[in-house]
Amino acid sequence: MWRALGRTMVVVLCCMAGLTAVDTEPDVWLLEARSALAEAAKLQQAGRATDAIAWHERALAIQETTLGKDHPDLVPSLNNLARLNQAQGDYAKAGPLFERALTLLEAAHGGEHPAVARALSNLAALYHDQGLYTRARPLLERALAIQQATLGGNHLDVATTLNNLALGYAAQDLHARAEPLHQRALAIQQASLGGGHPEVARTLHHLARLAHRQGLHAQAESLYEQALVIQKEVLGEDHLDTLRTFHALAGLHADQGMYSRAEALYVRAISLTEASLGSHHPETACSLNNLANLHARQGLGSRAMPLYERALPILEASLGENHPKVAGTRNNLALLYSSQRRYEEAESLHLRALAIQEAAFGPAHPDVATSLNNLALLSAEQGEPAQAEQYLSRALDIQQALLGENHPSIAQMLGNLGWLHVAQHRLDEALPLLTRAFALSEQRLRQEALAFSESRLASFLKLLRRDEERLYALLRAHPDDARVQRLALSAVLLRKGRSLEEIACTFRAVYREFGEEDRIDFQQLRDLRTRLASLSQQGPGTRPLAEYQQHLKELTSHADALEAKLARRSAPLRALTAPPSPEDIVDRAAAALPPDGVLVEFIAYADQPLHTGARGASRAPQLHYLALLLFPDASIRVVDLGPAMPIDRAATHLLDVISRRDAAYLRPAQALYSRAFAPLVPHLGGVRRIFLAPDGQLGLVPFTALHDGRRFLLDVFGFSPLTSVKDLLPRADGVVPSTSIAAFADPVSGAHQRVVQAAPRSKTRGASAGARLDSTPGVDPTQQQWLPLPGTRKEAEAIQRLWPQAQVYIGAEATRQRLFALSPPGLLHIGTHGYSPENEVAPDGSRAIGYFGGFGGGTPPHHPADPLLRSGFILADASAPTRVAEGHGAGTRVTALEIASLNLCGTQLVVLSACDTGRGEVQLGQDVYGLRRAFFIAGAETVVVSLWKVNDASTALLMEDFYRRLAAGQGRADALQGAMRTVKKTRPHPYYWAAFMTMGRDGPLQGLASEPPRMTAE
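Under this note's numbering, the first residue of the sequence shown is numbered 1, with each subsequent residue one higher.
Each hint should be verified, as a subset may be incorrect.
The list that follows gives simulated cross-link-like pairs (lysine-lysine, DSBU-like), each with its CA atoms no further than 35 Å apart [what the hints assert, rightly or not]:
1) 794 x 985
2) 93 x 42
3) 565 x 232
4) 69 x 93
5) 794 x 984
6) 42 x 232
7) 565 x 462
8) 462 x 232
9) 553 x 232
10) 565 x 553
Here are the computed distance ranges between Cβ atoms for each label pair [claimed, not checked]:
11) 517 x 432: 45 to 51 Å
12) 195 x 482: 26 to 32 Å
13) 149 x 191: 16 to 22 Å
14) 737 x 405: 40 to 46 Å
15) 546 x 610: 44 to 50 Å
Calculated directly from the structure, the hints in this document are not laboratory data.
Beta carbons: idealized from backbone N, C-alpha and C, even for Gly.
Construct all of the structure, not just a fragment, from the sequences and the given hints.
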C-alpha cells in the first residue's frame, strides 16, 4: 500500500485546475478536456477503471495538442494515467508514462528538486508492483537523498519515501532493514501530525504487515488494532484505508486458525465496501474473494464457490482479464475446482494465472511460486508426480532465494515436496524434507505461542494438526523405520499437551515476576472468569437469549485479550524455558527414564492416505490409535492398535460397568486390555514402571483396572500417568516447591437429619451406609440443601495428624474465599461434592451432585461453550454465613474456569477428593478439558482426580492410606497405587479402589516427609 496510490483523485482535480489556469477563455479544447477529466473521475470513482483510462487518454491528447508534448504541465496527467494503468496491472503502459513525467520534471527543475523525488517514487512504486525490487531501490534512495537535502530530514515527504523503501525491503523479507525505516517514518509523522492522524495509522498498518509476514502475530494484531482505532475515528469505517486494515486483520486471524473471528471481519468489510463503493467495485470483489478463501480453507466449498463466481467477473470488468488480482482469484477458484475433482478446469485456470503473473512480475516472484505450488498439487492429484516435482522444485527455489532457507513459510513447500516423494516411494529423499518442514513449523509455533491466549493457541495448534497427523500416518506405514519413528515421536513429544504447558508456563512466569501491572491484569482476569461462571450458572433468566449470549461473548473476548496481554509480557522469561528442540527431545526424554521404565505415548489421530493420484473416490480419514514406546536407551517401538472406534467403545463400556458397580466387570476389563494393552506386552520385557501419556478416550481410563485374565494391571506394573513429556523432564523454570499444606473438607454440612429428610432419594441401587443423596433439582445453588460428607472430614483429620502444621478448613470454614486467598500450598486437598458435564443420577453414598445447571436430572437452561464452565465442585460461601447457621448448608459452585486463575505456582500436589474430577471434554492431542486441566494451568505439578462418582466411605479409607504413604516418603503415583491395593483387599470391586489416578509429575513430595505411623502390609 504505497502512499502514492492514494492520490489519484487529487491529481485529477489538479489536472482540471491546471487547465483552468492556462486560459480563462471558454475555448472548445478547454471545455472538452475538462469534460473528459470529469467523466474519467466519475468512472474511476465507480470502479470502471478501463473506461476511465480512455477518457484520461483523450484529455492528455488535448493537452499535448494545446501545450506541446514537452510542457511540464503535462506531468499530473501523465502520472494519473500511469497510475491507472498500474492499478490495472498494465505495467508496460504505465512505465513509459512515469518515465516521461520524470524526464519533463528533470528538464524543468533540474535533478535535485522535490518534484523529481516524487516522480522517482512513482516509478519505484511501479517496479515494486512488478517485483523488480532491485530496480526500485536506487530510485527511492535517490528520492530520499533529494528530499533530505531540500526539505530536511523530518519532512513528511521523507516519511513517505522511508515507508516506500521499507515496503520494498519487506517484500523481499528483509525485515531487519524494513522495520527501522518504518519506525523512523512513524516518528516523523507522529511529531508532525500527532498520534491520531491517518498517515500515522497507515504506517502502523505497514508495521503490522511486517510483523505478520514474520509470523509475529500478536505484535501484528496489536498494531492493526492501533491503526483501526485511528482510522475508524478519523476516516470512518467505510474509508478504503479502514477497510484494508479490516481485511488485513481478518487475514491474520485466518492464518491463526481463528476462522470465526476472521469471517466476522470479512463480512463486516464486505458490507461496508458495498455501501461505500458499490457492489461492482474491485475492492468489493477482493473482499468477496478473501471470504471465499476463508470458506475454502475450512472445506466449505459450497459457500466459497458463489463468492468466487461473483468476484471474478467484477475484477475482470474493472481491472481487465490480465490483471494480477484476476490471476489470484483464478488461482483460488482453481483450487476449489481441484478439491471437487474438476481437474481440467482447475488446470486451465492455474496455467492462465501463472501466465499473467509471469508476464507482470517476471519468473521469480512470490506469486509465481504460489501458482507453481498449486500446479504441483494438481499434478500430483492427477497422478503426474514427475510434473509435480518440476513445479515444486522451481517454486521452492524461488521462495528460498527470496526468503532464505529457514523462513517459516518455506515449511509448506518443503512438506509438499516431501509428501510427493513419499507417494513415489522415495522415502530416503522425503525424510530430510519432512524433518526440515517440521523444524520450521515448530520454530513458527514457538514464536506464536509466546503471545497467545489459550483459545488462540488452541486454534493455531488445530491449524498445524493436519501435518502432524500425516507424520503419524507415515509412521503407521513405516513402523520399523528408525528415522520415521524418531521424527513422529518428536512430533508427539513436542505437540501433545502443548497448549496446557504453554498457558501454564505463562502464568508461572507472571507469578515469578509479579509487577503491579501484572497484579491488576490478573485480578481483572480472575474477576471476569468469576462473572462468566456466575452468568453461565444463572442462565439468561428474563433477559433475551441473544442479549445474554452477546454479553457472555463480550466477557469472554475481554478475558481472552487479558490472557494474551499477560502472555506477551511474560514472553522474554518464557523464551528461556522453551522445550527441547526437535533434534534433542527424544534423547532428553529417554535420559529421564529409570532403567526399568518405559514411556508409552498413545496417539489418537485421523489416519490419512499417503498416496494421492487416483481419480477414484478417496476414503474419509478414520480415527486410529498408535502406541509409541520409548526406552531408556532411546530405542523406539511402534504398535498399531487399529481403528479407534472399537477401543473407544470398550473404554466407555468398562467405565460404565465399573461406575455402576456391576458385578460383571471382569469381561469388559479384559476386553479393553486385549485391545489397548496386550499388543504392548511383547515389547515390555523387564519393564516395571510405565510412564503413560494417554490420548482420546484412553485419557479417561484407569489402566490399573485392566485385567489380563489372571490379575489386574495394578498388581503387575507401576503406572505414572503424564499430561505430556514435560512431566518427565526436569523443570527449567526455577520454581521453588512450597511446603505448606491446606485442606478443605465437608464444606456444606449443617442440620444433617433435616436435609436428608428433605432431599429426594436417588433411584440408583445399592445404597451404602452413610450414603449421600442427590441434591434437590431446580434449586438455586445458594438455596441448595447439600448432604454431609463425613468421609471428607476423616481425610482432613488424617492430614492434620500427619502434618500438624496443616491449615484445615471444615464445614462453614471451607469457603471459596479462603481458597482464592491462599498462598500456594505444597499440598492442597479438597474433599467435597463434585460435578461433571454428564447428566447422570449419582449413586447412593457418592460425592456427586446432579448435572451442571440442572442439579438432579433437570435439563440445563444454558449449556456453556467453554468446557471449563461445565465442571467444578462445591465450597462454602462466606457471603451467606447465616444460612449455614440455620442448617441449610449454603454452598457455592467453583468452576474449573475460575480454578485456572488460582496461583498454585510451587504447589506440588492437588488432591480432588470428589466425584468426576478427572472427566471433561476430550481434545485429541491436548488432554481433557475440565478440572484437572484447570489445576495444571494454575501451576500444580501433580493432580489426583477421580474418573467416576466415588463412594464417600471407601474414598476416605483410600485417602488416609495414600497420605500415610506420602508422609513416609513414597512417590506420588506409588503412594496412590499402594493405597489402592490396600482398599482392594477388603473391597475388591474396582469401583471402590480404581476411581482415582495421579496426573503429572511423579516422585516424593519435597520437604513434606514426616515420621509415619506403621504402614499396613500390602
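Of the hints stated earlier, which fail here?
The structure breaks only hint 12.
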